[in-house]
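4 protein chains.
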Amino acid sequence: MLVVMRDHATPEEIAHVVDRLHEAGAEAHLSQGEVKTVIGVIGERELIYSLELEGFPGVSEVIRVLKAYKLVSREFQAEDSVIRVGGSQVGGGVLAVMAGPCSIESGEQMHTVARAVKAAGGTFLRGGAYKPRTSPYEFQGMGLEGLKLLREAGDEAGLPVVTELLDVRDADRVAEWADVLQVGARNMQNFMMLQELGRMKRPVLLKRGMSAKLEEVLAAAEYILKGGNRDVILCERGIRTFETYTRNTLDLAGVAALKSLTHLPVIVDPSHATGRRDLIAPMCRAAIATGADGIMVEVHPDPERARCDGPQSLDIPAFAAMMEALRPLAALEGKSL
Amino acid sequence: MLVVMRDHATPEEIAHVVDRLHEAGAEAHLSQGEVKTVIGVIGERELIYSLELEGFPGVSEVIRVLKAYKLVSREFQAEDSVIRVGGSQVGGGVLAVMAGPCSIESGEQMHTVARAVKAAGGTFLRGGAYKPRTSPYEFQGMGLEGLKLLREAGDEAGLPVVTELLDVRDADRVAEWADVLQVGARNMQNFMMLQELGRMKRPVLLKRGMSAKLEEVLAAAEYILKGGNRDVILCERGIRTFETYTRNTLDLAGVAALKSLTHLPVIVDPSHATGRRDLIAPMCRAAIATGADGIMVEVHPDPERARCDGPQSLDIPAFAAMMEALRPLAALEGKSL
Amino acid sequence: MLVVMRDHATPEEIAHVVDRLHEAGAEAHLSQGEVKTVIGVIGERELIYSLELEGFPGVSEVIRVLKAYKLVSREFQAEDSVIRVGGSQVGGGVLAVMAGPCSIESGEQMHTVARAVKAAGGTFLRGGAYKPRTSPYEFQGMGLEGLKLLREAGDEAGLPVVTELLDVRDADRVAEWADVLQVGARNMQNFMMLQELGRMKRPVLLKRGMSAKLEEVLAAAEYILKGGNRDVILCERGIRTFETYTRNTLDLAGVAALKSLTHLPVIVDPSHATGRRDLIAPMCRAAIATGADGIMVEVHPDPERARCDGPQSLDIPAFAAMMEALRPLAALEGKSL
Amino acid sequence: MLVVMRDHATPEEIAHVVDRLHEAGAEAHLSQGEVKTVIGVIGERELIYSLELEGFPGVSEVIRVLKAYKLVSREFQAEDSVIRVGGSQVGGGVLAVMAGPCSIESGEQMHTVARAVKAAGGTFLRGGAYKPRTSPYEFQGMGLEGLKLLREAGDEAGLPVVTELLDVRDADRVAEWADVLQVGARNMQNFMMLQELGRMKRPVLLKRGMSAKLEEVLAAAEYILKGGNRDVILCERGIRTFETYTRNTLDLAGVAALKSLTHLPVIVDPSHATGRRDLIAPMCRAAIATGADGIMVEVHPDPERARCDGPQSLDIPAFAAMMEALRPLAALEGKSL
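Residue numbers (this note's numbering), protein chains in the order written: chain A, 2 to 338; chain B, 2 to 338; chain C, 2 to 338; chain D, 2 to 338.
Rather than coming from a laboratory, the hints here were simulated on the basis of the structure. Any given hint might turn out to be false.
Below, a sample of chain C positions facing chain A; criterion: calculated Cβ distance under 8 Å [unchecked claim]:
1) L3
2) D8
3) H30
4) S32
5) V39
6) G41
7) I64
8) E76
9) R241
10) F243
11) T245
Cβ coordinates follow ideal geometry from the N, Cα and C atoms, glycine included.
Modelling step: build the complete structure from the supplied sequences, incorporating the hints.
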């Protein structure tokens with residue numbers, strides 16, 4: 002941590018900061034220029050985090066050079082993490098393709114989609130049983146019954162299944178039926194849920210919050226790893242900006258940055274990022290060219306009658322055609338598909 | 002709902018949309034210009050919400066004129082809601098002042114603050130027992146023990162107490178000890194928590210999410226009212242923007258807008274909005290001049306040693322001085338303080 | 002400037018940075034912790050600005066503690082600048098009120114507004130002769146003819162006039178007719194215009210860019226002061242965020258921050274910030290309570306027929322009523338109105 | 002244009018809007034539901050733009066379905082525009098590669114870079130002679146002398162040259178020396194400059210403003226086309242968001258969207274978008290996979306000594322290696338490189 006003093010801070014102000022540091026058990030290293038004094042602070046991670054010196058007299062700025070995370074960093078583990086689920090995997094030279102409807106609506110729907118996802122080369126089946134909806138007047142999902150339909154369809158097609166955990170109280174129940182537990186963007190900083198998932202044995206798909214900085218994504222993942230669960234997959238799904246043409250702004254440079262900051266696999270969800278069917282295929286291509294470890298795509302047998310996210314869902318032929326077109330690109334990037 | 006067709010959409014495309022509307026049970030009203038056709042859609046609220054026509058061939062834009070909320074709107078209830086808790090109230094000609102430390106640290110700390118808040122004219126005691134922290138290496142709060150200290154300090158000073166509910170599983174326990182349950186910015190769209198609070202009898206302080214639009218704030222409150230709990234207080238605490246000088250950007254025009262859109266009381270938290278001690282007093286003044294129903298301020302007996310948010314906390318003399326200076330302003334705005 | 006090295010940067014990487022600093026003529030001060038090395042850099046302002054060390058091997062972050070401005074800072078001049086124009090002034094215990102239509106439309110319109118602004122206690126007449134419009138199909142202003150109408154109306158009413166300079170080539174011509182030259186938000190970083198204004202003798206009203214950080218506002222003003230013109234008034238007019246209910250997000254905490262960072266006067270324009278007539282009065286109140294030196298308000302004799310910005314313009318009775326209501330508030334803040 | 006009335010708007014309010022429309026010469030089509038009335042407005046483009054009905058009594062929302070642009074749209078011209086400059090081109094099955102230093106520093110620097118850009122397969126030489134800099138204390142460019150060095154280096158290597166026009170008064174002079182005139186992000190809405198460029202014969206490279214919506218980018222280009230100059234290249238260079246790890250947020254979904262909204266070619270500048278050398282290659286790949294018509298990259302013979310943007314510049318071997326690696330990807334996308 003660096004404490005930058007105001008221009009011409011008085012010796013008393015500087016001494017006051019140094020005293021507080023010593024009192025707390027940290028070391029202080031002074032670097033004094035003609036107008037600026039900077040105090041380097043050295044100590045234990047937890048100690049440094051507990052020190053908030055921004056409001057001290059004479060202090061201009063406090064800069065934290067210590068990151069908010071450790072276990073998820075490339076410094077801690079240089080080689081890529083690979084998450085294996087059933088016969089599928091995320092990371093490590095394979096392109097993961099998680100596909101399925103926004104919400105589970107019926108057994109027939111799920112079986113149709115599952116077979117189509119498998120046939121096209123998809124590696125995970127996704128589907129929402131509990132839906133986070135802005136308004137209480139929107140469809141909230143089928144719940145437990147939906148989970149069972151998802152499981153059956155996945156089993157029949159030979160695909161592991163991914164679904165969102167919306168309520169921490171349902172963690173065990175959802176884990177009973179699903180292979181990968183998804184934390185939605187709105188729950189990325191639901192720390193109680195993250196802690197609970199840290200204690201569980203199921204892989205977690207952690208979606209980036211709508212206004213989460215990269216460091217906050219990594220700190221959220223750190224909660225899960227610190228709890229003992231190392232199987233975390235990160236997912237970029239667009240951030241909220243001033244642009245309204247797309248539902249969110251897909252941050253692919255953020256994906257490239259995450260790949261260098263962490264050993265965890267990173268996938269991309271262009272459906273939620275753009276909210277527009279016609280942008281899904283180009284953004285899947287871009288994600289693969291960026292080096293992402295996988296894609297997550299909404300597929301529905303009849304998007305015009307979908308109960309949720311129809312406008313950003315591909316129908317089955319469009320999904321199959323896109324997958325076909327992605328093959329040579331994935332090969333070029335050294336990923337099997 | 003309005004469906005705006007693309008320029009020169011074909012009759013088939015228009016008929017396709019109209020058919021889908023009729024199939025779903027809605028009425029379609031066509032308005033055709035030379036190049037543009039617009040289809041007005043009329044039907045039940047739930048029905049309209051379930052229709053997503055954005056991806057239909059020939060459709061350019063779908064505009065929802067039906068709002069995502071109803072019970073919280075001024076149209077539904079014209080007169081201001083007033084929330085009464087113990088001897089204090091929020092809304093209705095009284096300026097609510099919720100003050101106290103970011104986190105509860107000890108009985109002595111809480112008693113000192115509680116007495117000082119009461120003496121200066123504060124009307125609620127706030128304090129966090131469970132703390133949402135970006136990094137798992139930061140202080141996470143005292144938990145249940147903290148709740149008890151908060152209760153005792155509030156009782157002794159004669160102040161109702163406000164505290165954050167961080168885990169939906171703790172709802173009953175926290176409600177046992179606190180008068181007002183706070184939903185933090187990160188949980189504003191934790192819909193499971195909102196539904197649980199809808200079933201409870203405790204007033205709720207709902208903080209605006211970091212990237213929540215006003216309509217989303219109102220839709221989140223709607224979840225609680227729809228569940229049966231009408232005692233909701235909204236709180237503006239800054240939104241996340243590109244500006245980094247302040248921790249967030251305080252949206253006071255949003256407060257004025259909320260006051261016209263909803264009958265619920267709206268308070269302002271300048272501590273979290275700005276993250277800077279020197280901006281608290283001017284932003285409290287601005288909030289009152291905007292017409293806010295109250296303020297929420299972090300006060301600590303020794304901000305330099307606070308375990309959380311010290312840089313944005315006032316010490317006791319500064320809080321007392323600010324309160325003194327706010328009195329004539331509150332009077333000018335017709336609010337008792 | 003501080004150069005923060007990556008954890009465990011090698012001695013060679015550190016030496017490489019230090020060598021580059023010495024080569025450029027700067028001093029390097031090392032502060033070495035167990036895992037982190039930080040290099041403090043000391044030298045001339047221009048030299049420091051020319052050094053970009055972010056991409057050097059082993060460098061994690063470069064932090065500029067030297068600000069991008071000097072002459073505009075409180076450190077450089079502690080007392081408030083006061084700008085005097087005709088009988089009016091901005092700063093120094095007087096609340097400046099700049100009012101008038103978005104665009105100049107006719108002599109009659111301008112005379113009507115000018116008299117009304119004066120009668121209500123306004124101190125400057127504003128009006129646009131050259132209009133920046135998103136689309137080339139929108140009304141672009143009356144140009145020189147409009148300038149003359151503005152001048153006449155201001156002279157008749159005894160009000161100095163403010164107008165936007167849209168084209169740097171018109172600087173002399175506009176300065177011939179106007180008392181204060183406004184730089185619009187879209188031109189805040191039109192550095193050629195800023196340099197031209199630095200050479201002129203007219204006060205400048207510099208509006209904050211839609212996505213400008215506070216430091217960038219101050220650096221833009223620095224261009225003008227560095228050129229020799231010290232009469233600069235800053236104007237907050239809302240920043241662009243994800244919120245769409247208001248046209249922009251008014252950043253009043255930014256105004257309070259600017260008041261502490263610079264000696265220049267700061268005024269607030271709620272018309273452009275909110276884009277909504279009903280929010281103008283509450284935001285004028287909030288601006289005054291924040292400590293702003295003035296307000297800028299769009300007033301039109303017939304907003305429903307205005308050629309520009311009608312929805313965010315007050316009519317004359319509403320303006321007069323608002324001014325009346327602002328008087329006791331201004332008095333409370335120690336400002337004459 | 003659609004005028005959405007408030008719930009239960011009175012017949013008088015509706016009639017008032019309709020009267021105003023008729024008075025202005027527009028047609029009004031009413032569509033009345035049980036609670037909502039919507040008025041469709043039909044008339045000439047310029048007329049519609051002049052109508053601002055947001056503030057009328059009873060009006061809830063005004064929705065403009067008419068776009069702010071026409072000549073640049075796909076509806077107006079379905080086939081891709083191709084811009085030819087010297088032997089190079091932008092659009093039409095060729096991947097344009099514009100490379101060179103941020104700022105022109107010397108003849109030797111430019112010759113070295115020009116030869117290297119040509120050798121690696123680049124198709125345009127870029128270099129800044131006039132630099133827009135946040136602070137007046139930063140290097141401002143070599144001016145006219147720099148332009149000449151750029152021209153010489155381009156001619157020698159057989160590359161057309163691109164440079165930024167910073168001051169509208171320099172338009173003719175810069176056009177004398179450069180093949181393509183660049184409008185920087187800060188000038189995207191400098192409408193006077195856009196109008197001047199509309200009258201000129203030189204192709205224009207129009208960079209997206211830091212906080213410009215896609216529709217605003219297109220409306221800015223419309224100014225140039227409306228003036229008579231149809232040779233406009235759009236350039237995505239990142240937008241400003243809350244994320245600070247990268248300098249800006251590269252909006253590749255915006256690039257895909259632009260490709261469907263306009264016939265103009267769209268290129269991508271990952272150097273300015275990310276500000277980080279290590280993200281340039283992945284973002285060039287992603288841009289090509291998105292369907293962009295070209296890339297713009299900063300290349301410097303000695304980035305550590307660059308006077309501007311060194312941290313986001315590639316050195317010559319890194320540029321050559323990247324170009325080599327891009328070839329199979331460009332081929333896969335059907336673009337010659």
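Right, here's what the structure says about each hint:
1. L3: Interface hint status for L3(C): holds (6 Å vs cutoff 8 Å).
2. D8: Interface hint status for D8(C): holds (6 Å vs cutoff 8 Å).
3. H30: Result: holds, 5 Å to nearest chain A Cβ.
4. S32: For S32(C), the interface hint holds, since the closest Cβ of chain A sits about 4 Å away, which is under 8 Å.
5. V39: Since the shortest Cβ distance to chain A is 6 Å, the answer is holds.
6. G41: holds (4 Å)
7. I64: holds (6 Å)
8. E76: Holds, because the Cβ-Cβ distance from E76(C) to chain A comes to roughly 6 Å (cut-off 8 Å).
9. R241: holds (5 Å)
10. F243: holds (5 Å)
11. T245: holds (7 Å)
The earlier numbered hints are all upheld by this structure, with none contradicted.
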